[in-house]
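Protein chains: 2
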Amino acid sequence: MNGAIKALKFDSAGLIPAIVQDAATGEVLMTAYMNAESLQKTIETRKTHFWSRSRKKLWMKGETSGHVQKVKGIRADCDRDTLLVKVEQAGGACHLGYRSCFSWQLEGEAWVERGEKLFDPEKVYKKAP
Amino acid sequence: MNGAIKALKFDSAGLIPAIVQDAATGEVLMTAYMNAESLQKTIETRKTHFWSRSRKKLWMKGETSGHVQKVKGIRADCDRDTLLVKVEQAGGACHLGYRSCFSWQLEGEAWVERGEKLFDPEKVYKKAP
Chain A
1 MNGAIKALKF DSAGLIPAIV QDAATGEVLM TAYMNAESLQ KTIETRKTHF WSRSRKKLWM
61 KGETSGHVQK VKGIRADCDR DTLLVKVEQA GGACHLGYRS CFSWQLEGEA WVERGEKLFD
121 PEKVYKKAP
Chain B
1 MNGAIKALKF DSAGLIPAIV QDAATGEVLM TAYMNAESLQ KTIETRKTHF WSRSRKKLWM
61 KGETSGHVQK VKGIRADCDR DTLLVKVEQA GGACHLGYRS CFSWQLEGEA WVERGEKLFD
121 PEKVYKKAP
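Chains as they are written, first to last, in this note's numbering: chain A, 1 to 129; chain B, 1 to 129.
Take these hints with a grain of salt, some might be off.
Put simply, identical chains are the same to the list, so a pair is met inside one copy or across any two.
Think about it this way: if two alpha-carbon atoms lie no more than 30 Å apart in a straight line, the pair counts; the simulated DSS-like pairs of lysine-lysine are [as the list claims (entries may be wrong)]:
#1 126 x 6
#2 123 x 9
#3 117 x 6
#4 9 x 56
#5 126 x 9
#6 117 x 9
#7 126 x 70
#8 57 x 9
Note that these hints are calculated values from the structure, not bench results.
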């Protein structure tokens, strides 16, 4: 395992939050959790891998949708308890079809859709019959 | 209280993580936690307020350092459990003196300092005698 992983502060469940940012535009695309194994896989393959808390399994971003994230750089914060992963995003990062998960802007007292919708999630995540 | 706050998913401690991003450059500056009250204060004053888990109190970014963050926009993600706050940052966001907390880049097996150091924390956070 990469020695830099040992310097990180994982939480009591062995997880660390990762912010994913478009390396070219600076747009924040999504956040997800990594454990040591998924970070090691991310470093080795240069494609983002995360830990799903609901499904309790390692997953690669884009494994179903094809919307893979090529890793261009990885940063840690001063407390070593949050990661910032800079990527080249294929397609959209958000499972609702938007380029970014942060497509909801506070306007007055409402969260208003202000994102770029790139795909129809029903088509992309459609399961084989 | 702003009605949009009620639509958010706070964790069991009543907190939601907030990513703070430079509105002009897209640089991710820091992350911290907000509770409903600190988000309400952030919306009202247009200056970021957070909840300190260690000190168990509300704080305004820059209250000691003067490095205040003027809020230019607030976004929520698709799950409504993470915020993205776009700001105009005075001085540096990191308590170690860097512009961004994410000043540590993975190079080989080490986290290497790749941040812009703007101030000497010993001077800025020096307490009155």
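Practice prompt. Against the earlier hints, flag every one the structure doesn't satisfy and list their numbers going up.
Written response: 1
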